[in-house]
Every structure is written in structure tokens, then in C-alpha cells.
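> The task is simple: from the sequences and hints, build the whole structure.
There are 2 protein chains.
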Amino acid sequence: MWRPRVRNIRMTVSYDGTAYNGFQTQPGNLRTIQDQLEQAIEQLTGERLKITASGRTDAGVHARGQVFNFTTESLIPIERWCMALNGGLAKDIVVRDARIVPMEFHSRRSAKRKTYRYTVRCGRNPDVFKRHMEFHHPKSLDIEAMREGLRYIVGEHDFSSFCSARTTKTSFVRTVYEAKLICDPYEEELGSYAFHIVLTGSGFLYNMVRIIVGTLLQVGEGKRPSSDIGAVLEAKSRRRAGPTAMAHGLMLWEVFYEDEAPGP
Amino acid sequence: MWRPRVRNIRMTVSYDGTAYNGFQTQPGNLRTIQDQLEQAIEQLTGERLKITASGRTDAGVHARGQVFNFTTESLIPIERWCMALNGGLAKDIVVRDARIVPMEFHSRRSAKRKTYRYTVRCGRNPDVFKRHMEFHHPKSLDIEAMREGLRYIVGEHDFSSFCSARTTKTSFVRTVYEAKLICDPYEEELGSYAFHIVLTGSGFLYNMVRIIVGTLLQVGEGKRPSSDIGAVLEAKSRRRAGPTAMAHGLMLWEVFYEDEAPGP
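Going down the list, the sequences are from chains A and B. In terms of the UniProt record's numbering, the first sequence opens at residue 1 and continues consecutively. In terms of the UniProt record's numbering, the second sequence opens at residue 1 and continues consecutively.
Source of the hints: derived by calculation from the structure; they are not laboratory data. Even for Gly, the Cβ is constructed at its ideal location relative to N, Cα and C. Just so you know, not all the hints are guaranteed correct.
What the hints assert, rightly or not - EDC-like cross-link-like pairs, simulated, lysine to aspartate or glutamate; straight-line CA separation at most 20 Å: (1) A:Lys91 with B:Asp127; (2) B:Lys91 with A:Glu187; (3) B:Lys130 with A:Asp92; (4) A:Lys130 with B:Asp127; (5) A:Lys130 with B:Asp97; (6) A:Lys50 with A:Glu73; (7) B:Lys130 with A:Asp127; (8) B:Lys139 with A:Glu79; (9) B:Lys91 with A:Asp127; (10) A:Lys139 with B:Asp97; (11) A:Lys91 with B:Glu189; (12) B:Lys91 with A:Asp92; (13) A:Lys91 with B:Glu187; (14) B:Lys91 with A:Glu189; (15) B:Lys130 with A:Asp184; (16) B:Lys130 with A:Asp97.
What the hints assert, rightly or not - Simulated DEER-style distance windows between Cβ atoms: (17) A:Gly88 with B:Thr71: 48 to 58 Å; (18) B:Thr71 with A:Arg166: 50 to 60 Å; (19) A:Gly88 with B:Thr18: 14 to 24 Å; (20) B:Ala231 with A:Glu258: 52 to 62 Å; (21) A:Lys50 with B:Ser202: 51 to 61 Å; (22) B:Ala19 with A:Arg166: 29 to 39 Å; (23) B:Glu73 with A:Glu221: 33 to 43 Å; (24) A:Leu30 with B:Asp184: 31 to 41 Å; (25) A:Thr170 with B:Glu187: 39 to 49 Å; (26) A:Glu258 with B:Thr25: 55 to 65 Å; (27) A:Glu144 with B:Thr18: 34 to 44 Å; (28) B:Arg108 with A:Thr18: 32 to 42 Å; (29) A:Gly191 with B:Thr18: 20 to 30 Å.
Stated by the list, open to error - Over the 10 Å line for every Cβ pair with chain A, so calculated as not near, a few chain B residues: (30) Gln43; (31) Tyr152; (32) Arg174.
This is how it looks when you write it as C-alpha cells:
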């Protein structure tokens with residue numbers, strides 16, 4: 001008996017999250033990235049299907065390399081998918097890679113590591129062309145103190161303190177493999193410079209990167225000593241950490257799978 | 001008798017032109033950068049005045065360093081102006097410098113040189129975060145042929161061929177001091193790279209940069225030899241040149257005044 005050949009397709013997508021209510025489909029009429037992608041796939045194949053992503057991103061958060069997968073009976077050759085989908089998508093979503101993967105591949109469960117990047121512009125003026133992607137902090141910050149604070153984050157920890165109380169998770173232990181702060185050069189004309197907090201970990205709790213950044217900014221402002229980051233971790237209490245940093249500075253940078261992850 | 005002290009203030013402004021119908025005030029209810037700036041100044045000082053810019057920019061065209069000036073009786077200290085105006089402006093317009101200049105300074109008439117930059121992204125995928133600022137050209141281009149073509153542009157020429165027929169100018173002679181093409185590195189993940197055509201000249205006719213770029217792209221596509229740029233110049237006819245390149249790739253980069261201009 002003939003059976004349609006089902007394929008599991010994995011895609012990498014970049015999006016500017018500014019105009020969306022996050023990645024995941026929401027109740028009501030909220031615009032989400034997932035809906036846009038599923039609609040574009042339906043337009044192309046006629047199949048009404050659900051995609052699985054490596055994880056959700058909040059409203060206003062961007063992705064350079066979000067990964068999702070779905071199974072399809074469509075016979076469209078794999079090399080045609082990107083251009084065909086992009087033709088049906090708004091310009092703030094770009095599918096940049098499509099490949100056939102084994103049926104057992106699952107974008108969330110198969111993920112080994114993720115990298116997030118948070119960008120702050122420090123100094124007098126914002127960069128008007130990056131305003132959707134950089135959190136502007138006019139007052140100067142103690143970068144070295146922030147770097148020092150980041151060292152407490154690295155390793156396997158219970159990150160309860162850096163997790164939104166609205167989480168549904170029960171285990172708060174995650175491993176952060178790398179935590180760095182990279183400074184771009186000072187831009188004379190703007191009187192400001194951008195810096196990036198880049199975290200790579202086994203996984204991240206709800207709002208974890210944004211709460212870490214919000215707390216680190218207090219370290220940079222001199223409101224807390226660097227060592228407070230360690231104390232906050234140990235307290236296992238969201239109330240001990242700083243505020244959740246603004247969404248628009250955050251970008252899901254890359255998701256790593258088996259055989260792709262760089263060494264710890 | 002007491003007379004108010006009138007000052008001439010010169011400002012440098014960056015803007016993302018995406019949401020505007022160009023710099024200059026238009027008849028009807030069109031949103032323009034000039035209107036936004038004049039409204040912000042009125043809000044701050046109570047003065048209803050007209051600003052003078054170095055020149056207009058078309059709908060969708062951006063500026064990194066547009067310059068304008070105006071005279072005011074306001075007593076607000078000069079170092080306060082930037083932050084005060086930015087507080088009243090939308091986030092896609094940022095005043096980055098304010099200084100007091102001699103009364104005879106005139107943003108347009110005193111300008112000695114201007115630099116424009118046009119950005120093309122060549123290859124498979126656009127960069128979603130720069131989509132408003134890069135013209136995407138999926139097919140590959142002969143960069144060396146375009147560089148060769150740019151050499152004909154340098155010098156004092158009658159640029160009639162590279163001027164919109166809708167101009168009101170009567171002299172078409174301008175000097176281009178420098179014309180270069182700068183390539184950014186190829187970005188593996190996007191399968192594309194950006195390059196910038198940077199022109200510095202005594203002044204530019206209506207649509208001049210965009211028509212030069214539109215014609216150069218035809219050289220890059222192999223539709224014209226590089227030497228055609230010279231032939232088009234000599235023809236002094238708009239019809240001999242290529243199409244006007246899309247507005248969103250263009251940025252007014254910098255305006256130079258006496259004692260500021262780099263040597264030719």
C-alpha cells in the first residue's frame with residue numbers, strides 16, 4: 001500500500017520581535033511568530049500543522065537563530081523551502097536554513113545548549129538604527145564589576161532567584177557554560193558604546209537572562225557589589241534579584257544540537 | 001534699549017527615515033522629519049520657527065549626520081538642548097549635537113561637502129535587523145566592475161544624466177571628490193554580505209546618488225560594461241542612465257563645513 005513519505009524538516013529563522021507578542025501562539029488575536037510561520041507553511045503546502053521550536057521567546061525579544069521543526073508530507077524539494085516561505089512572510093521574519101533531519105529530531109528536547117545575547121548601549125545617545133535591539137542606559141556603568149559578577153553565574157546552579165515567579169517549571173537547576181561581556185568600541189559621535197552580555201547554557205528558565213542582566217546592571221550602577229550575584233544565587237529567591245531587564249535588548253543567538261556544540 | 005539675544009544654533013541629527021515622507025515639510029498631512037523637529041522645538045521654547053537643513057532627503061532615506069540650524073531667542077543653555085529635544089521626539093529621530101555658531105552660518109549655503117552612503121546586501125538572505133537600511137540584491141554582482149565604473153564618477157562633471165527630470169536646478173555641474181565601494185565580510189549564516197557605495201561631493205543633484213547606484217547595479221549584473229558610466233555621463237541624458245535605486249538603502253552620512261572638510 002502506498003503511504004505518503006513523511007519528512008521531518010528543521011529550520012533556522014531570524015526575526016525582529018518588535019511587532020510580535022512573542023514566539024508562541026497565544027489565546028486571542030495576538031500576533032506571534034509561530035502563527036506567521038504556520039500560516040506561511042499552510043499557504044505553501046496546504047497542510048495545517050503545528051511547528052515545534054527550541055523554546056519560546058517573549059514579546060519584543062528577537063532571534064538571530066531560533067530553530068523549529070515540523071513533519072510534512074509535502075514533496076517540495078528541501079532547497080526550495082527557504083525562498084518559498086520567505087516569499088509569504090513579512091520582512092521581519094527570515095527563514096535562513098532548511099534541512100531534512102531524522103524523525104526523532106525535536107527542536108526543544110534535542111537541544112544541547114543555547115546562547116542568548118543581551119545588548120546595552122551605555123552613554124549619552126542611543127543609536128537610532130539599533131533602537132529596537134539595544135537597551136539604552138545613559139549613565140555610565142562599571143563594566144569590570146559586571147564582568148566580575150558574571151563569574152558567579154557560570155557553572156551548575158539552582159537559578160530560582162533568576163526565574164520569573166510565573167514559571168511552571170519544577171526544577172531550577174541549569175548549567176551556564178559561558179558568561180561573557182563584550183564591549184564594542186566607543187562611538188565618538190553618539191557619545192556611547194554598546195556592550196553585549198553573552199550567556200551559553202544547557203537551558204534557561206523563564207526570564208532568566210533578563211533577570212540576570214537586570215541584576216548585573218545594578219552591579220554596574222554601583223548599587224550592589226559583584227559578590228551579590230553569588231549571594232542572590234544562594235538565596236534561591238526571586239525577590240533578592242534585580243528587576244527584569246527590558247525585552248528589546250535580548251536576542252536568542254543560537255541553539256546547538258548534538259555534534260554541533262562547542263566544547264564547554 | 002534691551003533687545004533679546006538671538007543665537008544661531010546648529011544641530012546634527014540622525015534619523016531612521018522609514019516612517020517619514022522625507023525631511024522637508026510637505027503640503028497636506030504628510031509626516032516629515034522637519035515638522036517633527038520644528039514641533040519639538042516649539043514644545044521646548046514656545047517659538048514657532050523654521051529650521052534650515054543642509055538639504056532634503058527623500059521619503060525612506062535615512063541620515064546619520066544631517067545638519068540643520070535655526071535662530072532662537074530661547075535662553076536654554078546650549079548643553080541642555082539635545083536631551084531636552086530628544087525627550088520630545090519619537091525614538092526614530094535623535095539629535096546628537098548642538099552648538100552655537102556665528103549668525104552667518106547657513107546649513108545649506110555654508111556646506112562644503114557631503115557624504116552619502118548606499119548599502120546593498122548581496123546574496124541569498126537579507127539581514128532582518130537591517131532590512132530598513134539595506135537594499136537586498138539576491139543575485140551575485142561583479143564588485144570589481146562596479147568599482148571600475150565608480151572611477152568615471154570622480155571629478156567635476158555635468159551630472160545631468162544622473163539627475164531626476166523632476167529637478168528645478170539649472171546647473172548640473174558638481175564635483176565628486178571620492179567614490180568608493182567598501183565590502184563587509186561574507187556572512188556564512190545569511191549567505192550574503194553587505195557592501196557600501198560611499199560618495200563625497202561638493203553637492204548632489206536630485207536623486208543623483210540613487211541613479212548612480214541604479215546604473216552601477218546594472219554594471220554589476222553584467223548588463224552594461226563599466227565604461228558605460230563614462231558614456232552615460234557624456235550623454236547628459238537621464239534616459240541613458242539606469243533606474244533610480246530604492247530609497248531605503250541610502251543614508252546621508254555626513255555634511256562638512258569650512259575648516260572641517262578632509263583634503264580632496
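> State for each hint whether it applies.
Hints, verified against the model:
1. A:Lys91 with B:Asp127: holds, 10 Å
2. B:Lys91 with A:Glu187: holds, 19 Å
3. B:Lys130 with A:Asp92: holds, 10 Å
4. A:Lys130 with B:Asp127: Holds, at roughly 13 Å.
5. A:Lys130 with B:Asp97: holds, 19 Å
6. A:Lys50 with A:Glu73: holds, 13 Å
7. B:Lys130 with A:Asp127: Within the cut-off at roughly 13 Å; holds.
8. B:Lys139 with A:Glu79: Status holds; Cα separation ~16 Å.
9. B:Lys91 with A:Asp127: holds, 10 Å
10. A:Lys139 with B:Asp97: holds, 18 Å
11. A:Lys91 with B:Glu189: holds, 17 Å
12. B:Lys91 with A:Asp92: The hint holds at about 19 Å.
13. A:Lys91 with B:Glu187: holds, 19 Å
14. B:Lys91 with A:Glu189: Within the cut-off at roughly 17 Å; holds.
15. B:Lys130 with A:Asp184: Judged against 20 Å, a Cα distance of about 18 Å means the pair holds.
16. B:Lys130 with A:Asp97: holds, 19 Å
17. A:Gly88 with B:Thr71: 48 to 58 Å: Since A:Gly88 and B:Thr71 have Cβ atoms about 53 Å apart, the given range 48 to 58 Å holds.
18. B:Thr71 with A:Arg166: 50 to 60 Å: holds, 55 Å
19. A:Gly88 with B:Thr18: 14 to 24 Å: holds, 22 Å
20. B:Ala231 with A:Glu258: 52 to 62 Å: holds, 58 Å
21. A:Lys50 with B:Ser202: 51 to 61 Å: holds, 60 Å
22. B:Ala19 with A:Arg166: 29 to 39 Å: holds, 34 Å
23. B:Glu73 with A:Glu221: 33 to 43 Å: holds, 39 Å
24. A:Leu30 with B:Asp184: 31 to 41 Å: holds, 36 Å
25. A:Thr170 with B:Glu187: 39 to 49 Å: holds, 40 Å
26. A:Glu258 with B:Thr25: 55 to 65 Å: The hinted range 55 to 65 Å holds for A:Glu258 and B:Thr25, with Cβ atoms some 59 Å apart.
27. A:Glu144 with B:Thr18: 34 to 44 Å: Holds, at about 38 Å.
28. B:Arg108 with A:Thr18: 32 to 42 Å: holds, 35 Å
29. A:Gly191 with B:Thr18: 20 to 30 Å: Roughly 24 Å apart at Cβ, these two residues keep to the hinted range, so it holds.
30. Gln43: At about 19 Å from chain A, B:Gln43 clears the 10 Å cut-off, so the statement holds.
31. Tyr152: For B:Tyr152, whose nearest Cβ neighbour in chain A is about 31 Å away, the distance exceeds 10 Å, so it holds.
32. Arg174: holds, 26 Å
Checked against the numbered hints given earlier, this structure breaks none of them.
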